[in-house]
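S.K.: Start from the sequences, fold in the hints, and give me the full structure.
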Amino acid sequence: MTIALHRFCINRKIAPSLNIESFFRLVNSLGLNKVELRNDLPGGKVTDDLSARQVRELAERYHIEILTINAVYPSIAVRRRCAA
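In my numbering, the protein residues as written are 10 to 93.
These aren't lab readings, by the way, just hints derived from the structure by calculation.
Computed from a prediction, not measured in an experiment: that's the story for all the values here.
Heads up, the beta-carbon is just placed ideally off N, CA and C, and yes, glycines get one too.
One should not assume that every hint holds.
[As the list claims (entries may be wrong)] No more than 35 angstroms apart at the CA atoms, straight line, and that leaves these computed lysine-lysine pairs for DSBU-like:
| hint | residue 1 | residue 2 |
| --- | --- | --- |
| 1 | Lys-43 | Lys-54 |
| 2 | Lys-22 | Lys-43 |
| 3 | Lys-22 | Lys-54 |
[Unchecked claim] Label pairs and their calculated CB-CB ranges:
| hint | residue 1 | residue 2 | range |
| --- | --- | --- | --- |
| 4 | Gln-63 | Thr-11 | 34 to 44 angstroms |
| 5 | Asn-28 | Glu-74 | 13 to 23 angstroms |
| 6 | Lys-54 | Cys-18 | 12 to 22 angstroms |
| 7 | Gly-53 | Thr-11 | 35 to 45 angstroms |
| 8 | Cys-18 | Glu-66 | 16 to 26 angstroms |
M.R.: As structure tokens, then:
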């Protein structure tokens with residue numbers, strides 16, 4: 010059984026060291042166009058400090074559709090340690 014390419018959504022975690030433009034370029038080069046962004050990559054920035062407009066322009070340039078933003082929050086134990 011083959012899964013159609015248009016059904017794949019690529020999570021940014023597959024290439025955490027790439028900036029957002031390089032990630033979009035990679036996804037596009039694979040013939041894919043759907044992505045999930047994250048807030049738990051190095052630096053903790055979902056959009057690498059780019060404005061919404063800049064991200065939208067990059068997405069349009071590389072024909073990328075942003076389907077979701079995966080927001081990971083520290084566990085209660087981690088928050089307690091940070092507060093101590």
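S.K.: For every hint, state whether the structure bears it out.
M.R.: Results for each hint:
1. Lys-43 to Lys-54: Given pair Lys-43, Lys-54 holds - Cα atoms ~19 angstroms apart, limit 35 angstroms.
2. Lys-22 to Lys-43: Judged against 35 angstroms, a Cα distance of about 14 angstroms means the pair holds.
3. Lys-22 to Lys-54: Holds, at roughly 13 angstroms.
4. Gln-63 to Thr-11: 34 to 44 angstroms: Holds: the Cβ-Cβ distance is about 36 angstroms, inside 34 to 44 angstroms.
5. Asn-28 to Glu-74: 13 to 23 angstroms: 19 angstroms, holds
6. Lys-54 to Cys-18: 12 to 22 angstroms: 20 angstroms, holds
7. Gly-53 to Thr-11: 35 to 45 angstroms: 37 angstroms, holds
8. Cys-18 to Glu-66: 16 to 26 angstroms: 21 angstroms, holds
Going down the numbered hints, you'll see the structure goes against none, and every one checks out.
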